[in-house]
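Engineer: Here is what each chain is made of, one letter per residue.
Number of protein chains: 2
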Amino acid sequence: MTDTPRVTLAAIAEEAGVSLATMSKVLNGRADVAPATRARLEEHLARHGYTRRSATQRTEFVELVFHELEPSWSMEVIEGVEEVAHAAGLSVVLTVSGDRHAPGAEWIDGVLRRRPVGVILVFSDIAAPYREKLRSRGIPFVIVDPAGDPSPDVPSVGSANWSGGLMATRHLIELGHRRIAAITGPEDMMCSLARVDGYRSAMNAAGLPIDPELIRFGDFHPGGGEARARELLALPEPPTAIFAGSDLQALGAIAAGSAAGLRVPDDLSVVGYDDIALSRWMSPQLTTVHQPLRRMGEEATRLALRLADGAGVETLRMDLATHLVVRGSTARLET
Amino acid sequence: MTDTPRVTLAAIAEEAGVSLATMSKVLNGRADVAPATRARLEEHLARHGYTRRSATQRTEFVELVFHELEPSWSMEVIEGVEEVAHAAGLSVVLTVSGDRHAPGAEWIDGVLRRRPVGVILVFSDIAAPYREKLRSRGIPFVIVDPAGDPSPDVPSVGSANWSGGLMATRHLIELGHRRIAAITGPEDMMCSLARVDGYRSAMNAAGLPIDPELIRFGDFHPGGGEARARELLALPEPPTAIFAGSDLQALGAIAAGSAAGLRVPDDLSVVGYDDIALSRWMSPQLTTVHQPLRRMGEEATRLALRLADGAGVETLRMDLATHLVVRGSTARLET
Chain A
1 MTDTPRVTLA
11 AIAEEAGVSL
21 ATMSKVLNGR
31 ADVAPATRAR
41 LEEHLARHGY
51 TRRSATQRTE
61 FVELVFHELE
71 PSWSMEVIEG
81 VEEVAHAAGL
91 SVVLTVSGDR
101 HAPGAEWIDG
111 VLRRRPVGVI
121 LVFSDIAAPY
131 REKLRSRGIP
141 FVIVDPAGDP
151 SPDVPSVGSA
161 NWSGGLMATR
171 HLIELGHRRI
181 AAITGPEDMM
191 CSLARVDGYR
201 SAMNAAGLPI
211 DPELIRFGDF
221 HPGGGEARAR
231 ELLALPEPPT
241 AIFAGSDLQA
251 LGAIAAGSAA
261 GLRVPDDLSV
271 VGYDDIALSR
281 WMSPQLTTVH
291 QPLRRMGEEA
301 TRLALRLADG
311 AGVETLRMDL
321 ATHLVVRGST
331 ARLET
Chain B
1 MTDTPRVTLA
11 AIAEEAGVSL
21 ATMSKVLNGR
31 ADVAPATRAR
41 LEEHLARHGY
51 TRRSATQRTE
61 FVELVFHELE
71 PSWSMEVIEG
81 VEEVAHAAGL
91 SVVLTVSGDR
101 HAPGAEWIDG
111 VLRRRPVGVI
121 LVFSDIAAPY
131 REKLRSRGIP
141 FVIVDPAGDP
151 SPDVPSVGSA
161 NWSGGLMATR
171 HLIELGHRRI
181 AAITGPEDMM
191 CSLARVDGYR
201 SAMNAAGLPI
211 DPELIRFGDF
221 HPGGGEARAR
231 ELLALPEPPT
241 AIFAGSDLQA
251 LGAIAAGSAA
261 GLRVPDDLSV
271 VGYDDIALSR
281 WMSPQLTTVH
291 QPLRRMGEEA
301 TRLALRLADG
311 AGVETLRMDL
321 ATHLVVRGST
331 ARLET
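Protein chains in written order, with our numbering: chain A, 1 to 335; chain B, 1 to 335.
Be a bit skeptical, because a hint or two may be false.
As the list claims (entries may be wrong) - For each label pair, taking beta carbons as the anchor points, the in silico distance ranges come out as:
#, chain 1, residue 1, chain 2, residue 2, range
1, B, 176, A, 101, 45 to 55 angstroms
2, B, 234, A, 261, 52 to 62 angstroms
3, B, 68, A, 315, 40 to 50 angstroms
4, A, 10, B, 39, 51 to 61 angstroms
5, B, 234, A, 309, 48 to 58 angstroms
6, A, 176, B, 89, 21 to 31 angstroms
7, B, 188, A, 236, 57 to 67 angstroms
8, A, 137, B, 260, 19 to 29 angstroms
Hints are computed from structural coordinates only; laboratory data are not their basis.
All of these numbers come straight from a predicted model, not from anything done at the bench.
Even for Gly, the Cβ is constructed at its ideal location relative to N, Cα and C.
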């Protein structure tokens, strides 16, 4: 970095005849230094190229970037990031930018100016030129990546999407369901593909046919779940169970079932994905795949801080386990 | 402020023989200035008491402070703040601190060091010594205050809690209910009291007796709603309708109803409060009082930015309207 100070703070404190603690207070903009002393010490600092910004800014924030804020889902990631940042004495800058694949072009200028300790990106990947810019400024970044397939040299924290799809589908098969549909996220997101592959493997392992009509790609919102479920339930041979791509989609699927006169779980079983905090307060309580969103936020922040400290990090890619939580929205198929 | 620069940036640019634009780039830490030039210009800036921090920091962030992050509710406020901040070219620093009444003691030191353009506090009030500290540093603050009763000189954006309580209760009375219960937030929060007073006024206006047994204070979480509803439904003469203090509480009340073998709305009507995004995706869809949380975040941020600009502001207190949204969780009492 071009503006890294060359003289240590301790040396400047000695030169100014004050303690390192006092000099540090001035550098950090603390209020408990007399104005005259502060002015004198700031001159010493400035002479050696110390600007308050380069010192305090780099130790004060982590930046968390989303392409959209979505209740429940985003909040759990935010909570995880905030907790680890707070414990490290850091604030969290929250930025919304870009689309689901990458942050917007204006973001990169902003973040280089803001100089966070580290950046947590909730995106599939980050373009190579942006990676280079962040690296050249010494700003580490980690992708929280339930959705993506980032380059191997990009630090990321994801979760076991394939296993999640497998477990959800196997559960429905064990309940006697044969016509099992999968509604998932956009087809260009790796997490969608991984979950559907898990679904396919479970169907294959049970010797069940895979009907392409029963696999639908949508978005992760309730409206997407409702629309896809409505199509599925209107098929000549509708499914008796739906594996949804998110808890929000599952809510939409349950609404579509209600509108078609079907009760969940008696007439239609629905499995969600994520296990957001509200899923156990829905009626019926959602059977769902637990994705450790909060822990993904925590681990990503810990990884970014370790990288910021220049610590050696053995693995840049971490996939946290998912597990099935069986509640009230799935039931044995009555034949 | 002790470190406000005394010489204008234009004068320093002239002294250094560069354009104001170049000088501004250096001050803002932009990358597109040659290192040697930058170093020279930083010296000029430092000599006149310009540190990068005091300039860029004060134009880059608004700080949003919660005592807890709660899915749905907090996220809607965050979205409103983020949108207005983003439009103004500002980032959002998200901080979690303190209890529901006030931010923690460590927060005030942090925010004075961070120097946001303005602070949005989601708390009932802010203690006078903190107000003074923020004012003395020229950091404006606004309370987003669905919960409080702040001092008259504290800028705040709230919503019409009393009307909300009145409308919800009147709706239930119009559906023929007579035994109507109210579950609300903590008794020491003004919003709880205002809503219950609205409930009382509606009951009085309809000539209905107010049974103190039917008024319960709890917390705003689903678990609180469930516990209070369970008590109410176990009364010798249980209510046929419940006005809940939040949509989350309403979910808890519906769960308690289910556990007691009651269907909503056929056997028990439930009105929520807030109208979070998910409330129309619940089964049944929630009848609820719409609280414009997102707009409250927006207006609070606009007010903070106007104060930061030194603009005259006519009213420091703004209460946004609430309105009733009738959906599927309330029905006519069958007698």
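Engineer: Does each hint hold? Answer for all of them.
Structural biologist: Against the structure, the hints:
Taking 45 to 55 angstroms as the suggested C-beta distance range, the pair residue 176 of chain B and residue 101 of chain A conforms, at roughly 53 angstroms. Against the hinted window of 52 to 62 angstroms, the Cβ-Cβ separation of residue 234 of chain B and residue 261 of chain A comes to about 33 angstroms, which falls outside the hint. Under the hint 40 to 50 angstroms, the C-beta atoms of residue 68 of chain B and residue 315 of chain A, about 33 angstroms apart, miss the expected range. A hinted range of 51 to 61 angstroms is violated for the C-beta pair residue 10 of chain A and residue 39 of chain B, which are about 23 angstroms apart.
In this structure, residue 234 of chain B and residue 309 of chain A meet the distance hint of 48 to 58 angstroms, their C-beta atoms being roughly 56 angstroms apart. Range check, residue 176 of chain A to residue 89 of chain B: about 58 angstroms between beta-carbon atoms, so the 21 to 31 angstroms window is missed. Restraint check, residue 188 of chain B to residue 236 of chain A: a C-beta distance of roughly 60 angstroms satisfies the suggested window 57 to 67 angstroms. Taking the beta carbon of each, residue 137 of chain A and residue 260 of chain B are about 60 angstroms apart, not inside 19 to 29 angstroms as hinted.
Checked against the numbered hints given earlier, the structure breaks hints 2, 3, 4, 6, 8 and satisfies all the rest.
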